[in-house]
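Novice: Take a look at the letters that make up each chain.
Number of protein chains: 2
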Amino acid sequence: MKPSIPKGSRDFSPQEMVKRNYIFDTIRKVYQSYGYQPIETPAMENSETLMGKYGDEGDRLIFKILNSGDFLLPFQNPLDKAFLDWKIQGQGIDKVGIYREMAPLISEKALRYDLTVPFARYVVQHRNDITFPFKRYQIQPVWRADRPQKGRYREFYQCDADVIGSDSLLNEVELIQIIDEVFTTLGVPFIIKLNNRKILQGVAEFIGAPDRMIDIATAIDKVEKINVSGVYKELQDKGFTEEQIEKLDDFLLLKKPAQNPKSMDSYELAIADLKWLRDRITDDSLEFSQPESIDKGANQLEYIFKSIRALNLDLSQKIEFDVSLARGLNYYTGTIIEVKVDVSKCKSEFTSSICGGGRYDNLTGIFGLPDVSGVGVSFGADRIYDVLEELNLFPNDIVASTKVLLINFGEKESQFCLKVLKDLHKAGISAELYPDAKKINKQFEYADKRNIPYVVSIGEKEMESGRVALKNLLTKEQIEIPLSDLITHIK
Amino acid sequence: MKPSIPKGSRDFSPQEMVKRNYIFDTIRKVYQSYGYQPIETPAMENSETLMGKYGDEGDRLIFKILNSGDFLLPFQNPLDKAFLDWKIQGQGIDKVGIYREMAPLISEKALRYDLTVPFARYVVQHRNDITFPFKRYQIQPVWRADRPQKGRYREFYQCDADVIGSDSLLNEVELIQIIDEVFTTLGVPFIIKLNNRKILQGVAEFIGAPDRMIDIATAIDKVEKINVSGVYKELQDKGFTEEQIEKLDDFLLLKKPAQNPKSMDSYELAIADLKWLRDRITDDSLEFSQPESIDKGANQLEYIFKSIRALNLDLSQKIEFDVSLARGLNYYTGTIIEVKVDVSKCKSEFTSSICGGGRYDNLTGIFGLPDVSGVGVSFGADRIYDVLEELNLFPNDIVASTKVLLINFGEKESQFCLKVLKDLHKAGISAELYPDAKKINKQFEYADKRNIPYVVSIGEKEMESGRVALKNLLTKEQIEIPLSDLITHIK
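Protein chains in written order, with the numbering used here: chain A, 1 to 491; chain B, 1 to 491.
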């Protein structure tokens with residue numbers, strides 16, 4: 001049997017762990033400095049907590065846990081059994097149908113798909129113990145039965161920060177500062193894209209397709225690549241009418257390169273675009289029946305852009321308004337945020353988002369706590385890892401290891417070394433004794449491969465003389481010193 | 001809908017997280033100082049990696065993941081479908097039988113049950129990239145479908161350290177030092193119990209029941225509570241013959257209080273017991289056909305006891321030989337270790353083990369890498385948490401929080417405060433601005449509940465004068481200082 005792990009999952013070696021912890025520690029430190037507090041939730045949630053929160057596609061990607069014990073128990077009831085027989089034996093029944101009927105009977109728990117929904121569930125469940133506004137961060141793995149591919153895994157870590165119980169836009173401003181601080185610390189060139197679901201919703205309502213917000217955004221997003229005619233074609237293919245497509249025409253302008261004059265920085269451009277957007281909805285010729293949603297979304301974005309600009313962060317070219325930004329999750333209702341690598345500033349072809357988030361006004365409502373607004377961001381640690389690796393941005397000095405190896409010369413010597421080791425540990429020096437009395441060059445080889453800088457040899461002669469041989473593997477220098485000086489020499 | 005989580009699982013609040021991290025950090029620091037390196041493995045393993053490694057009971061407790069997509073696909077094949085129909089419709093078929101047949105067809109992955117088996121799989125899979133002996137630590141959750149009860153959860157963290165690729169008993173000595181250092185740092189009074197599977201195996205072979213090692217150990221374990229006659233009865237009930245029970249007689253003596261003279265410390269007692277054990281197997285009247293196993297186990301234990309004693313750790317009364325210690329897991333072959341709270345030294349009734357481990361000679365062999373011995377220990381972080389809570393051993397100063405809250409007086413003031421906040425963060429001070437311009441006493445209440453020591457008020461007046469009000473919530477003192485002195489005052 002050749003050992004393996006499920007596709008889309010990974011092992012992390014000590015070398016990888018050190019790098020991953022560097023990312024987690026960086027994010028955690030920034031979160032803490034802004035007053036976010038850690039929580040953790042269980043890997044498994046009740047299925048009803050998760051289902052229906054991520055859209056149809058999301059629901060399909062949730063990993064389900066088989067009920068423990070006798071999971072066929074529901075089918076021992078004659079009626080249920082007959083039902084199952086009928087389902088399986090019936091001709092022409094679609095398999096997905098059977099699947100959907102049977103799954104809840106044999107599986108009641110599932111692995112979390114993200115950290116936001118479990119957080120909303122947490123807030124409602126523990127609302128009496130929580131001081132609002134509640135600023136929490138959470139760094140834990142999530143699982144998705146996605147088709148594995150480069151940079152996409154079935155188990156991956158999310159690093160989330162959310163504020164719940166405050167609808168102030170200062171929270172959005174703070175989250176953008178956090179994004180800036182994290183990626184500036186890590187050295188990643190980045191672009192923050194902002195949009196507001198209220199704008200998308202307003203546009204969708206304007207063209208008479210209020211439930212097709214995501215389709216519209218996806219099509220608009222492609223205007224730079226496939227031109228206006230291509231977008232038209234795509235919308236037609238998706239069943240939009242000529243009249244609906246015509247009404248969209250104006251909004252496509254927001255994504256056209258002509259709208260990006262070089263003389264404006266991205267702030268000025270965003271403010272200009274938002275003004276243009278508001279001009280449209282007050283234009284009587286467009287017959288905008290309900291302009292409120294777009295207006296509100298545009299105002300919120302303007303506030304955020306102006307506040308960030310006033311802060312004078314070092315990100316003047318890194319933040320932009322993108323009307324085509326949609327994000328897939330069902331629950332967003334206001335600001336949406338996405339961060340990508342700024343490929344114009346580095347040799348990277350990394351186009352996936354490395355951080356994303358947004359505001360959700362009704363998420364806790366599903367669990368019984370209405371009228372509580374939340375907003376949050378999520379850093380994708382795995383993608384950030386790939387970016388840092390690709391751009392060679394990991395610091396050289398983060399590879400921690402043992403500092404001292406004691407050579408094992410045999411029974412008597414190793415017993416002596418145990419005591420030396422004890423003193424080294426007491427002095428706060430990480431040290432180990434090679435456990436077997438193997439050939440000396442094999443033990444030195446071990447130190448070398450493990451990047452252990454100091455090797456101490458204490459043989460019978462040294463035990464008697466009280467002097468030990470200390471070799472520095474970096475300089476190749478070897479000296480003989482009194483055992484009592486060992487700690488001073490190494491520290 | 002009232003939100004809840006699956007039984008046996010838990011949420012961790014910020015207060016709990018801080019305490020848990022204190023435990024993890026303590027263990028991690030000790031592991032690192034002894035040269036152990038971190039790895040992580042995925043939550044899901046292929047089912048065949050896990051099944052059959054933990055005994056029948058263990059196998060039943062493994063959480064299985066329903067195949068994603070159409071999990072009923074195997075039953076679309078007419079033959080398989082007929083088989084399933086027959087199984088379900090058949091009268092008198094035991095349900096566990098159906099379960100066992102169907103489970104592997106609809107579930108190919110499972111959640112890890114411990115960290116040792118995934119580690120063995122890891123070592124074999126990555127053997128070409130590993131420097132042996134490989135000392136690794138791993139701190140991750142595991143899942144078991146156990147009946148939930150006080151102190152026993154379905155998701156819990158294990159903190160493991162293992163050395164693989166060395167059969168030196170110095171590794172056992174080191175792991176005992178690690179146990180000593182962790183619990184001494186945490187302040188928990190503890191007893192380390194040691195045994196060796198070779199002794200148990202030798203006894204089981206001696207009485208002609210080589211596969212009933214665990215049953216024998218469990219019975220011997222009860223001799224103090226239910227006396228020799230009770231143990232006899234239990235063995236009879238379990239189907240042991242009179243002759244087998246009679247042969248066990250001698251070994252029961254090892255657990256009898258008479259063997260514990262007060263004049264000996266636990267080391268001397270262990271050495272004496274081990275000598276007694278070796279005397280038995282060389283006693284011709286007992287007709288011991290294969291004494292080698294017991295002899296080897298006893299020698300190994302004696303070496304460990306003597307080495308630890310020579311180290312002069314501060315645990316002279318805390319380590320003992322316990323011939324009835326068995327541990328449930330299938331894979332142990334040599335030393336076995338278990339740590340319990342020393343209830344004689346504190347007001348605790350905590351009888352579960354808080355750390356355990358042992359040596360396994362064949363675990364990697366199952367995955368295709370024979371003749372590699374490993375030994376390791378696992379700290380039960382959740383039980384340790386309960387013990388520290390019960391004995392009030394958590395330090396008072398570990399509750400980290402935000403240091404400064406800026407009061408939000410409204411639009412203009414909050415924009416001003418964003419800049420103050422930026423400077424505080426730059427100076428390394430964790431600080432937050434209350435996001436909403438709510439009533440001032442509500443904002444102070446928030447600071448109080450969150451244990452934030454400093455509150456800074458910058459209203460319109462203060463913005464003009466450049467002086468700010470700084471209140472220390474611990475001393476209730478409020479002073480007015482120039483804004484430029486704020487950082488110096490707080491640091």
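None of these hints come from the bench; they were simulated from the model. Hints may be right or wrong, so weigh each one.
Unchecked claim - Okay, derived cross-link-like pairs now, DSSO-like style, lysine-lysine, Cα gap no bigger than 27 angstroms in a straight line: (1) K403(A) with K222(A); (2) K7(B) with K19(B); (3) K306(A) with K150(B); (4) K275(A) with K412(B).
Novice: If a hint holds in the structure, say so; if it does not, say that too.
Specialist: Results for each hint:
1. Restraint check for K403(A) and K222(A): not satisfied, since their Cα atoms lie roughly 54 angstroms apart, outside the 27 angstroms limit.
2. Using a Cα cut-off of 27 angstroms, the hinted pair K7(B) and K19(B) holds, with the two alpha carbons roughly 23 angstroms apart.
3. For the proposed pair K306(A) and K150(B), the alpha carbon gap of about 54 angstroms is over 27 angstroms, so the pair is violated.
4. Proposed proximity of K275(A) and K412(B) is supported: the alpha carbons are some 23 angstroms apart, at most 27 angstroms.
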